[in-house]
Structure formats: structure tokens, C-alpha cells
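Q: Start from the sequences and build out the full structure, keeping to the hints where you can.
Which chain is which? The protein sequence lines are X and U, in order. For the first sequence, our numbering assigns the number 405 to the last residue and increments by one with no breaks. For the second sequence, our numbering assigns the number 181 to the last residue and increments by one with no breaks.
Simulated from the structure, these hints should not be mistaken for laboratory data. One or more hints might be untrue.
As a list, the in silico DMTMM-like pairs of lysine to aspartate or glutamate whose alpha-carbon atoms are at most 25 Å apart [as the list claims (entries may be wrong)]:
1. 140(U) / 111(U)
2. 372(X) / 318(X)
3. 121(U) / 85(U)
4. 140(U) / 314(X)
5. 372(X) / 351(X)
6. 121(U) / 314(X)
7. 106(U) / 141(U)
8. 371(X) / 351(X)
9. 163(U) / 377(X)
10. 121(U) / 141(U)
11. 106(U) / 85(U)
12. 106(U) / 87(U)
13. 163(U) / 351(X)
14. 163(U) / 141(U)
15. 106(U) / 314(X)
Not close to chain U: a few residues of chain X, all C-beta gaps over 10 Å, as computed [claimed, not checked]:
16. 295
17. 309
18. 319
19. 322
20. 324
21. 335
22. 338
23. 348
24. 350
25. 362
26. 367
27. 371
28. 374
29. 382
30. 397
31. 403
Computed footprint of chain X on chain U, listed as stretches where at least three residues anywhere in the stretch have a Cβ under 8 Å from a Cβ of chain X [stated by the list, open to error]:
32. 82–92
33. 123–135
34. 146–154
Beta carbons are placed, not taken as given, at the ideal position from N, Cα and C, and that holds for glycine.
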Amino acid sequence: SQTIHQWPATLVQPVGSPLSLECTVEGTSNPNLYWYRQAAGRGLQLLFYSVGIGQISSEVPQNLSASRPQDRQFILSSKKLLLSDSGFYLCAWSVTGFGNTIYFGEGSWLTVV
Amino acid sequence: GQQLNQSPQSMFIQEGEDVSMNCTSSSIFNTWLWYKQDPGEGPVLLIALYKAGELTSNGRLTAQFGITRKDSFLNISASIPSDVGIYFCAGHKWTGNQFYFGTGTSLTVIP
Chain X
293 SQTIHQWPAT LVQPVGSPLS LECTVEGTSN PNLYWYRQAA GRGLQLLFYS VGIGQISSEV
353 PQNLSASRPQ DRQFILSSKK LLLSDSGFYL CAWSVTGFGN TIYFGEGSWL TVV
Chain U
71 GQQLNQSPQS MFIQEGEDVS MNCTSSSIFN TWLWYKQDPG EGPVLLIALY KAGELTSNGR
131 LTAQFGITRK DSFLNISASI PSDVGIYFCA GHKWTGNQFY FGTGTSLTVI P
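A: This is how it looks when you write it as C-alpha cells:
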């Protein structure tokens with residue numbers, strides 16, 4: 293069966309520090325991978341989307357970047373965090389044409405202080 | 071990105087009551103999905119719907135894919151305290167191969 297795991301679960305970082313959130317998927321190949329941010333108002337904002345290694349689509353201009361160094365690994369990064377980067381980040385995966393279902397990781401709480 | 075219209079925003083019900091929530095859109099979707107999210111955790115898939123008119127159950131949960139393909143509803147029967155959480159709908163379009171999400175329904179069950 294397929295599983296998705298992201299880490300760390302909780303992170304407190306000072307303003308101006310770097311960020312790295314990692315996500316891995318097991319049990320499937322060539323998944324579509326996503327990074328979302330969820331604000332307190334519950335809406336899910338798509339940040340990045342990837343259909344393959346090295347292929348990243350950015351949905352909103354921001355202080356963050358994403359990379360996909362391996363087929364089932366997706367990384368969310370920042371060189372210098374801002375206070376406004378605080379939030380709940382969710383990694384997710386789907387497989388095109390197979391039921392069009394998206395599955396989420398456990399989430400990562402980021403607090404920038 | 072585009073949000074789906076999900077209602078109600080919140081519900082406070084007595085244990086044992088039935089619950090109904092729905093999602094609507096001005097666009098046609100080929101898939102409707104329903105999730106439950108507990109505080110501090112990622113959304114967990116409850117029910118997936120792939121055909122217009124499809125009615126699918128998962129225990130006390132029942133969801134339907136609207137005939138017009140522009141809406142879906144989720145019913146929870148005989149609610150229990152562990153049903154507390156936020157429920158999200160999601161839709162998938164082939165155009166752009168993207169998922170769209172509702173803003174969530176917060177459910178509180180009073181014992």
C-alpha cells in the first residue's frame with residue numbers, strides 16, 4: 293500500500309533562518325507531488341506542484357521554493373524565513389488517471405519567531 | 071486557487087443526530103472527494119466518488135456525486151463524539167489536472 297510521510301512535524305525557526313521540509317512517498321511510482329499551506333481559516337493554498345523529477349510548478353510568488361531530487365521525494369525550502377511563512381504545511385500525492393485521488397501527509401507546523 | 075463553496079461553515083449537534091453538508095461549484099468536476107481533518111493533522115480521505123450520480127457509503131458516512139457534476143454532499147448518521155473535526159470536500163478537473171478544495175465544515179458533537 294502507498295504511504296506518505298513528511299517531517300519534521302513541528303518546527304520553530306527565527307526570522308531569516310533557512311527552512312527545509314521533506315516529504316517522501318512509498319508504494320507508488322511517478323506520483324504527482326504537491327505542497328500546500330493551510331491558514332487558520334482552513335483554506336488550502338497550493339504552493340508547488342510536480343509531475344516528475346526536476347519539474348516544479350509554482351502557483352504563487354513567495355519566499356519559498358521546492359525541489360524534487362528523486363521520484364518520490366519532495367522538499368520545501370526557504371533561504372530566509374519571514375514571519376508570514378508561519379503556518380501548517382501539507383505534502384500530498386496523486387497519480388494521474390488512477391481515480392484522481394489526492395492523499396495528504398501528516399502536516400508540518402512551522403512557527404517563525 | 072479556486073475554492074469550492076462548502077456549507078455549512080460550522081455545525082453544533084447533539085450526539086446521535088444526523089449531519090449533512092455539501093459542496094457546490096460553477097464548474098463540472100470528474101471526481102469528488104471528502105476528507106476529515108483532526109487538529110494538527112493532515113486530512114484523511116473518507117470517500118471518493120468518480121461517477122455522476124454515484125452514492126457511496128463508508129460506515130455511517132454516505133456521500134453522493136451530484137447528477138450535474140457540480141455538487142456533492144456528505145451525510146453522517148447517528149453522530150458520535152469522535153466525529154468531531156473539520157470536513158473538507160475536494161474536486162478534480164481533467165482540465166489543468168488540478169484539485170480544488172472547499173473551505174471546510176467544522177463539526178462539534180455535544181455528548
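Q: State for each hint whether it applies.
A: Each hint tested on the structure:
Under the criterion of a C-alpha separation no larger than 25 Å, the hint pairing residue 140(U) with residue 111(U) is inconsistent with the structure, at around 28 Å. For the proposed pair residue 372(X) and residue 318(X), the alpha carbon gap of about 30 Å is over 25 Å, so the pair is violated. The straight-line distance between the Cα atoms of residue 121(U) and residue 85(U) is roughly 32 Å, outside the 25 Å bound, and the hint therefore fails. With a CA separation close to 35 Å, the supplied pair residue 140(U) and residue 314(X) exceeds the 25 Å bound.
Proximity of residue 372(X) to residue 351(X) is assessed by CA-CA distance (about 19 Å); at most 25 Å being required, the pair is judged to hold. Taken as a hint, the residue 121(U) and residue 314(X) pair is broken in the structure, with Cα atoms around 35 Å apart against an allowance of 25 Å. Simply put, residue 106(U) and residue 141(U) have alpha-carbon atoms about 18 Å apart, close enough for the 25 Å limit, and the pair holds. Between residue 371(X) and residue 351(X) the CA atoms are separated by roughly 19 Å; this keeps the pair inside 25 Å, and the hint holds.
Note on residue 163(U) and residue 377(X): the hinted pairing is violated, with a Cα-Cα distance of about 29 Å set against a maximum of 25 Å. Proposed proximity of residue 121(U) and residue 141(U) is supported: the alpha carbons are some 12 Å apart, at most 25 Å. Between residue 106(U) and residue 85(U), the direct Cα distance comes to roughly 18 Å. Compliance with the 25 Å bound is thereby established for this hinted pair. Restraint check for residue 106(U) and residue 87(U): satisfied, since their Cα atoms lie roughly 18 Å apart, inside the 25 Å limit.
For a cut-off of 25 Å, the pair hint linking residue 163(U) to residue 351(X) stands: about 17 Å separates their Cα positions. Taking the CA atoms of residue 163(U) and residue 141(U), the gap is about 13 Å. The hint holds against a cut of 25 Å. Pair hint residue 106(U) plus residue 314(X) holds up; C-alpha atoms about 23 Å apart against a cutoff of 25 Å. A cut-off of 10 Å between C-beta atoms confirms that residue 295(X) is not in contact with chain U; the least separation is 12 Å.
With a closest Cβ-Cβ approach of about 23 Å to chain U, residue 309(X) is found to remain outside the 10 Å limit, as its non-interface label requires. Look at residue 319(X): its CB is around 15 Å from the nearest CB on chain U, clear of 10 Å, so calling it non-interface holds up. Under the 10 Å C-beta cut-off, the non-interface status given to residue 322(X) relative to chain U holds; the minimum distance is some 14 Å. A Cβ of chain U approaches the Cβ of residue 324(X) within 10 Å, the least distance being about 8 Å, so the stated non-interface status is violated.
Its closest Cβ contact with chain U, about 5 Å, brings residue 335(X) to no more than 10 Å, contrary to its assignment away from the interface. Not every Cβ of chain U is farther than 10 Å from the Cβ of residue 338(X); the closest lies at roughly 5 Å, contradicting the non-interface assignment. In this structure residue 348(X) is separated from chain U by more than 10 Å, as the shortest Cβ-Cβ distance comes to about 15 Å. With a minimum CB-CB distance of about 12 Å to chain U, residue 350(X) clears the 10 Å threshold, and the non-interface call stands.
Look at residue 362(X): its CB is around 21 Å from the nearest CB on chain U, clear of 10 Å, so calling it non-interface holds up. With a cut of 10 Å on Cβ distances, residue 367(X) stays outside the contact zone with chain U, its closest approach being about 17 Å. For residue 371(X), the condition that its CB be more than 10 Å from all CB atoms of chain U holds, with the nearest at approximately 25 Å. The beta carbon of residue 374(X) sits about 21 Å from the closest Cβ of chain U, which is more than 10 Å, so the claim that it is off the interface holds.
At roughly 5 Å from the closest C-beta of chain U, the C-beta of residue 382(X) falls inside 10 Å, breaking its exclusion from the interface. Residue-level check failed: residue 397(X) sits 5 Å from the nearest beta carbon of chain U, not beyond 10 Å. With a minimum CB-CB distance of about 13 Å to chain U, residue 403(X) clears the 10 Å threshold, and the non-interface call stands. Look at the region 82–92 of chain U against chain X: 0 of its residues bring a Cβ nearer than 8 Å to a Cβ of that chain, fewer than three, so the hint is violated.
Requiring three or more residues with a Cβ within less than 8 Å of a Cβ of chain X, the coverage given for the region 123–135 of chain U is violated, as only 0 such residues are present. A stretch counts as covered by a chain when three or more of its residues have a beta carbon under 8 Å from one of that chain; for the region 146–154 of chain U and chain X the count is 0, and the coverage is violated.
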